[in-house]
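From first to last, the protein sequence lines stand for chains A and B.
Using the working numbering, you'd call the opening residue of the first sequence number 1 and step up by one each time.
Using the working numbering, you'd call the opening residue of the second sequence number 1 and step up by one each time.
Any given hint could turn out to be false.
Said to hold, decoys possible - Listed below are the simulated DSSO-like cross-link pairs for lysine-lysine, each with C-alpha atoms no more than 27 Å apart in a straight line:
#: 1; chain 1: A; residue 1: Lys75; chain 2: A; residue 2: Lys224
#: 2; chain 1: B; residue 1: Lys45; chain 2: B; residue 2: Lys31
#: 3; chain 1: A; residue 1: Lys224; chain 2: B; residue 2: Lys45
#: 4; chain 1: B; residue 1: Lys45; chain 2: A; residue 2: Lys35
#: 5; chain 1: B; residue 1: Lys28; chain 2: B; residue 2: Lys40
#: 6; chain 1: B; residue 1: Lys31; chain 2: A; residue 2: Lys224
#: 7; chain 1: A; residue 1: Lys71; chain 2: B; residue 2: Lys45
#: 8; chain 1: B; residue 1: Lys31; chain 2: A; residue 2: Lys75
#: 9; chain 1: B; residue 1: Lys28; chain 2: A; residue 2: Lys224
#: 10; chain 1: B; residue 1: Lys45; chain 2: A; residue 2: Lys75
#: 11; chain 1: A; residue 1: Lys103; chain 2: A; residue 2: Lys35
Because the hints were derived from the structure by calculation, they are not lab data.
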Amino acid sequence: MNSNHTLRDSILWGLGFALMIAALAMVFVYVPTEKHGGIVQRIFYFHVPVAWVAFLAFFVTFISSVLYLWKRAIKWDAVACASAEIGVIFTTLVLITGPIWAKPAWGIWWTWDARLTTSLVLWLIYVVYLLVRSLAADPARGARYGAVIGIVGFIDVPIVFLTVNLWRTQHPTTIIFEGGLTTTMLITLLVCIAAFTVLYVILVIRSAGLKTMEAEVRRLRIMKAE
Amino acid sequence: MENLGYLLAAYAVIWALVFGYVLFLQRKQRKLQRQIDALKESMEK
């Protein structure tokens, strides 16, 4: 790791830490309790950024997969795979925090409405992506198959986003874009989104670095065997 | 403070999974670095 990378990582960790502390302070101290939703509505300030990171991660996987199939450069495959891994983790968090919020808000943990079902499908698509990558006997073939899934699977992301506007669902509509938040709530949400975006950048750099190291191990093993 | 348990559970799950993933990455990095060092060393012999 060179000094530029060390400086970049230090800045990112410092920024991420400061933003996350600010986000937590705003969620638990600054923002007032929402009148109808009660205290549990505060899940919203992390639930939405977590969903944002999942969408961002799958978008990066989509772009990196296109670039990998085009350029065949291993770095794009590393970024695509790392981002898909993070996307799955954050979609898992969406699928856990959503029901935790739904139970006190709706009286049920889960319902098969369009938003929740398409989110579950999204999670399954990228779990399959990771399984294909890890089970492929030939890593190059696994990378190609993964890239195809990473491109085709991304179709579900806009579908998940638009479900609440296209169909009548239990899930609330996209109130952020409809002026449904007060200024205080909006500022808190934006700080939380910024904090989680920086966290995503830190994780994807770290994880993609490890995918590159895995490729290096494979290369050295082949060299040793020859 | 009704439903405080749900709020705390949601935030705890987020932090548990994020920290778990960071730990997983750290362990993996150490393991890969050891493998790379061992392979390079064995090839130099």
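Consistency of the hints with the structure:
| no. | hint | result |
| --- | --- | --- |
| 1 | Lys75(A) <-> Lys224(A) | holds (23 Å) |
| 2 | Lys45(B) <-> Lys31(B) | holds (22 Å) |
| 3 | Lys224(A) <-> Lys45(B) | holds (11 Å) |
| 4 | Lys45(B) <-> Lys35(A) | violated (71 Å) |
| 5 | Lys28(B) <-> Lys40(B) | holds (18 Å) |
| 6 | Lys31(B) <-> Lys224(A) | holds (19 Å) |
| 7 | Lys71(A) <-> Lys45(B) | violated (36 Å) |
| 8 | Lys31(B) <-> Lys75(A) | holds (20 Å) |
| 9 | Lys28(B) <-> Lys224(A) | holds (22 Å) |
| 10 | Lys45(B) <-> Lys75(A) | violated (30 Å) |
| 11 | Lys103(A) <-> Lys35(A) | holds (18 Å) |
Checked against the numbered hints listed earlier, the structure breaks hints 4, 7, 10; every other hint is satisfied.
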